[in-house]
Amino acid sequence: MLTTAAALVAPLLVLAIVLVLAVQSAPAVTRFGPGFLFGTSWNPVTLEFGALPFIVGTLASSAIALALAVPVGVAVALVLAEPGARGLRGAVGTGVELLAAIPSVVYGVWALYVMAPFVYLHVEVPVVQRLGWIGALSGPPRQTSLFTASLVLAIMVLPTLGAISRDVVRAVPKGLRESAVALGATWWETNWKVILPAARGGIFGAGVLALGRALGETIAVTMVIGNRPDVPASIFAPAYTLASVIANEFTEATGPVYPAALLELGLVLILVTFAINLLALLLVRRSVEPAR
Amino acid sequence: MSDLSAFRQPVVQAARPELRAVAGISQNKLRIKELSFYYDRTRALKDLTFDIPERRITAIIGPSGCGKSTLLRVFNRMYDLVPRARAQGSVLFEGEDIVTTRRLLELRQRIGMVFQRPSPFPMSIRDNVAFAPRLLGWGSARVKEAVARSLQAAALWDEVKDRLGDSATSLSGGQLQRLSIARCLAVNPEVILMDEPCSALDPIATLKIEDLMVELARDYTIVIVTHNMQQAARVSDNTAFMLMNQAERCGELIEFAPTHELFNQPRDRRTEDYITGRFG
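Residue numbers (my numbering), protein chains in the order written: chain P, 1 to 292; chain G, 1 to 280.
Only chain G is shown next, with the shape it has when bound in the complex (with noise of 0.2 Å):
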């Protein structure tokens, strides 16, 4: 934690928001006003307000039980399998409010999202891919092409070139966390939310996946939610720094800030304390 000079300093003037044209509104992929969150009856987040802008990593760090994840299912509507669990506010997707829309689907398919431990699903390497490509009803030459496109840009078309139709379970830990990033890019989304993508991973397939993150920052809106602060200072450009509230007992943003900043000038004690492995 000593050197925070080694990590990749973030594409700092483009992210700086008082530096960016006054054009700000539509570089932001995310808004997200006021959001509270709530199982059942319990809070689970409180008021949160920040955005998500376009083209850059996001990540959403802080202790566990702080509603990273939570945070993250609200962003594709992946609550909605969660008996009794309720948003309220807004946020805002292309001018559609996320927590109200019915556009379900679609909206699935163009905020991705990646779990925390990958789940192949039980077929070949090709038809995991091509899978959300046939539930769109995409022709054949169309799928074979999202396939070859989205292996290729999850870095791992060669490695498995030659064996698509192999089931997708004789893959390696770190290979199928790739599969998993292009089950989801071959729909062309335009957000990729990731659940701590690495942390059922050894530090070579890490390394190795957010190089592929940074890489994929060029054309997607990327938002991770990590433990691991090294992770979030190595790849994002902005990071939120979220805490339980204890006395409410729920998830609030502490601080949200270019990556740089949150981690060398933290404006919030709070954040200082957590960054520097004060928290306790």
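Just chain P, with the same shape it has in the complex (with noise of 0.2 Å):
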């Protein structure tokens, strides 16, 4: 009974912070209606709040970050989950594992002051002169940006990626890679042809949970992203997400419609977290639990 109670102390927190928000931001709610979603001006002066450019800014930095880490979170599976190579696999396994451990204002510190100049100086500067006549792609090239903080977030996200693509991968049954080396398949063939298509459901939901990750992250991004509230053009222009603009601005939130914009911004983010984050344990529990 007393179990029972305590084991039910989680989803009814859950229940009551969810509640406990949409009461308290009902002010914008019913002030802005939908159009808080899609406004675009956010001016707590003249009491303007659209939502938009942090939503394009969670989004597209989460994106952007799994679009990164994707390649190599994989490439770290296949080689944890590789049967020989165990020094490889040891020094990979455990370099993934302390990138987890290290606590997110460390990685927005050294973003800021060690990521940010040398990605301006040998990845942003070089890119935007040669390839600026790409809209997403045009300068100016500035240390804080959409870019910087989808980088850091892809090595953020990096731990989570790899370890469960590793589990994924390790579930492909034995026979599968088996039969494929059998047939005269290379290494490459093999998991390219056989691995990752079995493991492709998994992987996604790998990609996922990490996203969920991704949007939530706050600290280490707001550091690096920029803080300026518009809809960036360019991935090297400044930009705002939804759980930044809350970390900066709550302390400094008076009257009645300024707060509680901001905890919608909060609705808004925890509603499509959970809704990445049920998708991906779907998908997840549907490839895993077939291959045991």
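Do not rely on the hints blindly, as some may be mistaken.
[What the hints assert, rightly or not] Sample of chain P residues facing chain G (criterion: CB under 8 Å; computed from the structure):
1. 179
2. 185
3. 186
4. 194
No lab work stands behind these hints, which were simulated from the structure alone. Glycine is no exception: its CB is placed at the ideal position from the N, C-alpha and C atoms.
Put the two chains together into one complex; each comes in its own frame, and the hints tell you how they fit.
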């Protein structure tokens, strides 16, 4: 009885938080209606609140991060699931697990002082010079930008991606690998044509789970994304995310509408993350279970 | 076990070495010489020497843990997947030593393998069979021809010819095992290794596979590992009996002989004990 009650604490807390967010954000919800989601101006002085720049910033930074991290994560998973190469496997596995142990504020500081200047000099400037005519890659390059934030996010979700993808790849029946090898497939052909297609659903699930983490990541992103409430025109432009704006502005939010608008941003973030985690759970479960 | 005469009589005349013409060497597809095998420092096989004749079915029997499957996996170098496993001695295949060859992909296409549990690739029936031909870069007409030919040879064509595009996982266990056979026939191997191919199948599906093996032995050299002595007696021409050497904890070849001899007049006491069920 007591155990059941204790176990119920978690789901009840979730419900309570969503409920409180919904109630507290009511002034903003009634005032702006669905237009809140599409408004592009964020001006606390004139009480104009539109969430679109933050929604775009959140989705864009997470999507770019995932696009950068998935190929690396899959490669990590294949190395970790390899029966041979024990030395390499140990080094890669430990390295990736240690990445998960670094606090996100440390990532933020490192990204701001080390990674951002490096990326500015060796990636952003050359890319803008050569490919600046493509809209999404146009300049001017900046150290704090959507791209910098995406890059640090990519590094932060790598452990999630690598570890789950490894489990999914390991769950692929051993016979598949043996059969492919026995038919004369090379290591590359075996993995690319047999193992990865068999693990596809699970790797997709791992990606969505990582996406869930990236969407909610706050402090490291806040430190390098530039914090400008505009829909970014280029990946090198500064942007703003839902999580960042809440973290930056809650201390100075006064009056009835401003805090309500911030809470409504939180509500949007929670709903997006919920939906994505649910999708991921379903996908990972479906692809890992029948393989056992 | 009592009615040994009911077993299919193997190609007795051809299989009995002393009756064969002097050109016996060319008839041997695989010549195993002083083969030992190690998993890291543990010895798993000790000094095996025998020849596997061409276009015959050779059965390898013995109790669990005697190294039958290990031996089979030497023939197509599958043991390369196991870290720190190595073989010593030689296995000559058309003049080339399997143990030291570097042309692994070619070797595995010439020596195909069917596993205990069928593993359909997550793709259509057609793509499963076309897998190895496509690895070789065959053109689509040749691939199509190979798919039809090998499904026919594996006695699966009539059951799947109207649904080649369906997922392979929709097939039954026996059909899947025949699909595995078709998959390895597609690139015209010379030798087919079978690792307990019927142990996951019901009796009817088992009989179908056994008939198929006898049929395939006209064109292919077949080596089958089985823990089922009746199966060895039913289908094989020659049988190798292996046993774990209790003192050294590694597999040894006890006797290699034409199947009817090994089952009717075993020369070794240990073979007799095993085939009469007195092994313990």
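| task | Find the hints from earlier in the document that the structure breaks and name them by number, from lowest to highest. | result | Failing hints: none at all.
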